[in-house]
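*Asks:* Here's the letter readout for the chains.
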Amino acid sequence: MLILAIDTSTTAITVALHDGESVVAAGSHLDARAHTEWVAPLIQTALDDAGRSPADLTAVVVGKGPGPFTGLRVGIVTGVTMAHALGLPAYGICSLDVIAEQAAGSVAEGEFLVATDARRKEVYWARYAVRSGSVERLTDPAVDRPGDLPDDVRALPTAGRGPVLYPDLFATALPVLDVDAGVLGAVAARRSAAGESMPVEPLYLRRPDALTTAERAAK
Amino acid sequence: MSVDQPLILGIETSCDETGVGIVRGETLLVDAVASSVDDHARFGGVVPEVASRAHLEEMVPTIERACREAGVQLRDLDAISVTSGPGLAGSLMVGVASAKALALSLGVPLYGVNHLASHVAVDIVEHGPLPEPTMALLVSGGHSSLLLVPDVTSDIRSLGSTIDDAAGEAFDKVARVLGLPFPGGPHIDRAARDGEITIDFPRGLTTGRDMERHRFDFSFSGLKTAVSRWVQAREAAGESVPVADVAASFQEAVVDVLTRKAVLACREQGAQHLQIGGGVAANSRLRAMAQSRCDDAGIELRVPRPGLCTDNGAMVAALGAQMVLKGRDASRLDLPADSSMPVTQISA
Ligand SMILES: [Zn+2]
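Sequence order for the protein chains is A and B.
Residue 1 is where the first sequence starts when you use UniProt numbering, and the numbers rise one by one after that.
Residue 1 is where the second sequence starts when you use UniProt numbering, and the numbers rise one by one after that.
The hints are simulated quantities; they were obtained by calculation from the structure and are not laboratory data.
It cannot be assumed that every hint is accurate.
[Claimed, not checked] Computed, partial: chain A to chain B, Cβ under 7 angstroms:
hint	residue
1	Thr78
2	Leu138
3	Thr212
[Unchecked claim] The list that follows gives simulated cross-link-like pairs (lysine to any residue, SDA-like), each with its CA atoms no further than 25 angstroms apart:
hint	chain 1	residue 1	chain 2	residue 2
4	B	Lys326	B	Pro150
5	A	Lys121	A	Arg206
6	A	Lys121	A	Gly147
7	A	Lys121	B	Pro342
8	A	Lys121	A	Ala155
9	A	Lys121	B	Pro48
10	B	Lys326	B	Thr344
11	A	Lys121	B	Glu49
12	B	Lys326	B	Pro129
13	A	Lys121	B	Ala89
14	A	Lys121	A	Pro41
15	B	Lys326	B	Pro342
Using N, Cα and C, we set each Cβ at its ideal position, and we do this for glycine too.
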């Protein structure tokens, strides 16, 4: 098994190769505006580092967001195109779930929050809980102004860049900022072994900014 | 790679069409296009985010369809080419990323090419090798350019372009004024067939000093304003608007300027061939007037079929094949999408 994992939903442009047990090679670059330039070279380098070729891959998994649209699409289209070209299954996993997995180690037991940068003074967020060692998402991913989240939600320990961007609005920051594709690969290996369906459907959570001619007329 | 007949897949996503074409040497095998134009009609224009979402959805299915219809396996491809600019940034990125993923997966070279140069190169798969030099008039919702093309893979010179609205944009805006649907081009063309050229609308940048400073440039914004003023005056006077006559008169003004400047450029630059491309090339009046003016001037007119004039993947594949045939350098895997790529830069 050799899973190629790609995520471009957070500031880190991140890729990894996962063999079902551990990360074989990985690479990340911190730049929220250069996805087109970095994703393919990072994949090429990871393959080279691992001494493997695209033909050795057995599946591709992408972080399906939520995340700023333009960058998010670069990772998704790279993953689905490679899967198609190589005749492999393509999986999609909510990127917030991956950050939650990364943060779970620093939350012994109980509820926590993942809040990432949605730009426009908003965050993408979802509530999670660690229960007997496993992570569970409690709410659907959403996008809101951080100040509009209920007080008891903002009081939870929070992973992602939300607390870095809005330190006054989140009580406790967990030490995880961006998605790590190595963890994305691990989650994909686990869910695929469990037979879970993982469709690749981008999580935009916002409709495009434009009024239809009918809406303009109604204004 | 079989150098004389390279098999190239080209991807085009610079605006609202997801295009995938496959060319073998100078022969077109397939031109698959998924258009999101219906999604944009509701908005009265192309919405970049709507276009980008549609590209992501259509990318792999369009690649799949192109290969199936051409009877080609991806592993048979010799290279991938892709529009890397100019165009809508978010849309370009989907195509560029997908093209890189193909090149990386298949272990073949990648060519990031210029969208406008591709509009010129497509005529190779329609009418054979390009005469050198060729004069190209590219007119669409996104561009209005007059280009002298000594070599489509290495030397394109911009003689002029629009200084405000693109020609196709003017059609869209005037269509809106006349209550015709988006995209305006075909609707104005159709309406104009039942009309008479009764109104003398202004021809931008065609007189005196303008012909010195903006000899081969275009301007359509004043024309658009003149049309809406004319319509408003009629409405204010309580008279009905003769839509067909306004459409015919407007169209005549656009086509007159385009063909007059294009033929003048051919004469002055010693080009024996004029090629017209871009969505507006489908306009019946433009084709007719260009034909008669070229005939008068002894210039050969080349216009690809309408499906190859609008944005498509075949044109990108056609230029990619030329890049391979002429031994041009391939692009690197860190190729960016360049929304304002100048036409003089043919590949990146
Ligand atoms: Zn075009």
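*Asks:* Hints the structure violates: just list their numbers, smallest first.
*Replies:* 2, 7, 14
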